[in-house]
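These protein sequences, in sequence, are chains A and B. Going by my numbering, 70 is the number at position 70 of the first sequence; the sequence numbering is gapless. Position in the second sequence (from 1) plus 1000 gives the number in my numbering.
Just to be clear, a hint being listed does not mean it is correct.
[Stated by the list, open to error] Here are the simulated DSSO-like cross-link-like pairs (lysine-lysine), alpha carbons at most 27 Å apart as the crow flies:
| no. | chain 1 | residue 1 | chain 2 | residue 2 |
| --- | --- | --- | --- | --- |
| 1 | B | Lys1380 | A | Lys440 |
| 2 | A | Lys114 | A | Lys92 |
| 3 | B | Lys1239 | A | Lys92 |
| 4 | A | Lys463 | A | Lys6 |
| 5 | A | Lys59 | B | Lys1092 |
| 6 | B | Lys1239 | B | Lys1217 |
| 7 | B | Lys1090 | A | Lys463 |
| 8 | B | Lys1059 | A | Lys59 |
[Unchecked claim] Now the stretches of chain A that chain B is said to cover, found in silico as 3 or more residues with beta-carbon under 8 Å:
| no. | region |
| --- | --- |
| 9 | 49-57 |
| 10 | 248-256 |
| 11 | 446-455 |
These are calculated hints, taken from the structure and not from any lab test. Every residue, glycine too, gets a C-beta built ideally from N, C-alpha and C.
2 protein chains.
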Amino acid sequence: MREIEKLLEHIITRVSINLRKPYFDVAPYVRNLVPVDSHALYYAFYALTPNHPLYFSFKHSSLAGTYFLGKCEVDHSILYKSDIRGDELKAKGSTLEFDGIKVTLYDDEIIRIKDSMLVKTLVHANSHNPESLEIFRIINTVALHYSNIHGTTMEGCLLMPFATVDLSMCHDCVFGEFSYVQAGDLSHEKIEKGRIWVRAEGAFEFNYRFPDGVVDKYISLTPGSKPKGELIDFCESRKEDFIPIYSSVIPELGVEVPESAFVSPYAVVKGNCKVGNNVLVSQRAYIESSSLGDGANAQESCYIVNSTYDGMNVTAHGGKVINAHLGRKVFTGFNSFVRGKADAKITVGKECIIMPHTIIDAVEPITIPERNLVWGYITKQADLEANSLSLDEVAKIKGQFRLGNMSFDGLGSAFVKAFQNRIEHILEVNGAYCDCDDTKGHAQETQAISYNILQPYPEGALKGLCPTVTISPLVP
Amino acid sequence: MREIEKLLEHIITRVSINLRKPYFDVAPYVRNLVPVDSHALYYAFYALTPNHPLYFSFKHSSLAGTYFLGKCEVDHSILYKSDIRGDELKAKGSTLEFDGIKVTLYDDEIIRIKDSMLVKTLVHANSHNPESLEIFRIINTVALHYSNIHGTTMEGCLLMPFATVDLSMCHDCVFGEFSYVQAGDLSHEKIEKGRIWVRAEGAFEFNYRFPDGVVDKYISLTPGSKPKGELIDFCESRKEDFIPIYSSVIPELGVEVPESAFVSPYAVVKGNCKVGNNVLVSQRAYIESSSLGDGANAQESCYIVNSTYDGMNVTAHGGKVINAHLGRKVFTGFNSFVRGKADAKITVGKECIIMPHTIIDAVEPITIPERNLVWGYITKQADLEANSLSLDEVAKIKGQFRLGNMSFDGLGSAFVKAFQNRIEHILEVNGAYCDCDDTKGHAQETQAISYNILQPYPEGALKGLCPTVTISPLVP
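Just chain A, same shape as in the assembly (with noise of 0.2 Å):
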């Protein structure tokens, strides 16, 4: 039995501790879900600026194909072409109130990953765990492909594909496929396949669930087999683009770039398209005959193909956008899947909320109005009436509310004001709005990099985990 084979069965021994309740068996879906020389195939790449601080330490771990950046801890963990990205980790000596509380960090915080699995797996760190605030965990977990782990610790936790858990505290949990929730502290959950959860404690609570069926049709994964469905045959089409990307140490651009944005080399740019100022370009992303306007943003594992985007637009994590028109301000959610087709194509109005884990697939063009916010299951124009509300409806909501599968508790005003103020935070932090010096995000900060490419060992008992590796900074 190889090293890695051995370090597999380790981790299913630690997440099934965890997972005894909900009682859930982790093995058979991760035993022989990833073939044991793939592990061997592909490099880690940690990024270097000059503006993120600086510490890595990889022990006895695989690190194909992934991505990091800021501190970061991985020990006796697989990580197999995932993003880990750090460039939100608190600093040493910042200060956070908590419900009244005042705490400061005494450290950087750090990402420490352990003990743990994550496949095509998006990390990004803003941890909204008040309780660890030093050290960003990921614990005992396994998380699928194209899950996303946003600004949420885990411990003893299992992602199915496609599923995303946003600014959280999870211990125990597991979340189905396609699933969404951003609800807090949560202990000993299992979620649904498809269910689309977001809470505020004390303010608002928004449910829905996809009619029978439809997730499936998009993403589903049955033990032993690899995950299936429209989703993941659409990211496979697109595999192969990023061959030539992978291939090259300073890959080049296709695409001209002002001086205020950044298109990571290691993000796909074909065909014909534009690239405004501050925009932002994350690696991962695929940007195909589209053009992106002033501070729009494409973020990790997101796909924008033959689509305008008038400005400012956020495509979070996972988001794909496919024959669209998307007005200034338009936010597409998480994972969302808005597909036009050449004869179907898909208008979305000015400041738009599309909601994570949406799927609009077009049999017929649809416009959707400004200022709406969009969910569920869409597919022809007459399917918004029970998928969408104004801004302004969604505001005077107080108390219960349903429409749909979707249904709503508490104070409408405080859900879309929560929405926008973290639209103008994710534009903030990301660069939108650079003018000067002040203002620079991500597409600023993360200009000046550059990438050191980390391969496992080739041969051997060891083939595929990587020698143990530590990096820190030059102390002059």
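With the hints as your guide, set chain B onto chain A.
Using the frame of chain A, we list chain B on its own:
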């Protein structure tokens, strides 16, 4: 002042302290030699194989374009486009005998480079220093373009461009341009440019000096300038061919390679080339329109152009062979320049030994009979008279002997035997005789190799320096 400039001044100070006697002002040779920004342009790469013990530690150093294999520590040093090859480091527990004294290594041998600057230098560690078995050290040393530090520990030395120090121990010495020294224990010596000096205490001594003006034509360095001359022109004019190779993470080979042979993906192979069984082509070798017969090897920084090797040919580090036909087992020594022309080909009979640092720059066809020792400066057939001797004649020498600029003292038979043994040793360790598991050499041991790529800080005060990195084996 950037940190890398401070580091250069620090190294100058350290080397200057050593070089008080013979007094040599190293500063004007190294200041401004490499543009500061160049250190940020290139990446270091360290090779990872299952067959070579692994340990790397880099501290406060610049490593641009440098290759590493084996256990290595670098501290407060500037390594620029150099090769640090630790594939012949001794293992813990090995027992060696020196002058009848048996000594056992208590630890794996490690290369330690400290307070030194190496520019386009080859370091190959098969140390012949019995006084420091666990540490192969290069300390307070400056080595310039295309110099070779071969099996030689160094403290307080300066190697001018194309100097080679071979199988020695050196303390506070200066080696002039294109000098070659293999002379055991050296202290406070100044070796004139173009001196070829081979000495085995109590057995023989070989000396050669190039005629006036010859070395300057091929290589010269004046303070404040870059090195000049035909050797530099030759290398520089082929520099571009390496660019696509260093731009790829895993460069593709442009030649068919038999299973028993190894061609480094970081070698240039262009035109129509043939590679025989058990051939070894190292990184930074350059092969163009040439045929390498079975068991031939092309070591670091060697160039083989429009030439045919019949087999079992050694081309040592920095050897250059152009428009030539080399019979079986012809040995081409370090930095030798064997340049035929399309209408002035060079034919070398089997088992000839072309001494290190020999220049054969043909203006007419030249044919060297088999089993000859060749040295010095040759441009015409007639020059062979004073610059070669059959091995049988050499073996007959006892006592003093002179021919042209060459002088010999001692036992010719011991000299020939020593050379032949060494060639056999090189062929053996390079895997030229491989036929089964027992006789594997570098060609076979380095086949399963991955390269880790380390980039420096891209901007800011630390630009061009690397973060602190430690890589150690994964211990299951």
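Do the hints match the structure? See the list:
1. Lys1380/B to Lys440/A: Since the Cα atoms of Lys1380/B and Lys440/A sit roughly 68 Å apart, the hinted pair is violated (cutoff 27 Å).
2. Lys114/A to Lys92/A: Holds - the C-alpha atoms of Lys92/A and Lys114/A are around 22 Å apart, at most 27 Å.
3. Lys1239/B to Lys92/A: Status violated; Cα separation ~46 Å.
4. Lys463/A to Lys6/A: holds, 12 Å
5. Lys59/A to Lys1092/B: holds, 24 Å
6. Lys1239/B to Lys1217/B: Roughly 20 Å separates the two Cα atoms, so the pair holds.
7. Lys1090/B to Lys463/A: holds, 25 Å
8. Lys1059/B to Lys59/A: Given that 27 Å is the threshold and the Cα spacing comes to 20 Å, the pair holds.
9. 49-57: Since three or more residues must qualify, the claim that chain B covers the region 49-57 of chain A holds, with 3 doing so at under 8 Å.
10. 248-256: This one holds; 3 residues, not fewer than the three required, reach chain B with a Cβ under 8 Å.
11. 446-455: holds (count 8)
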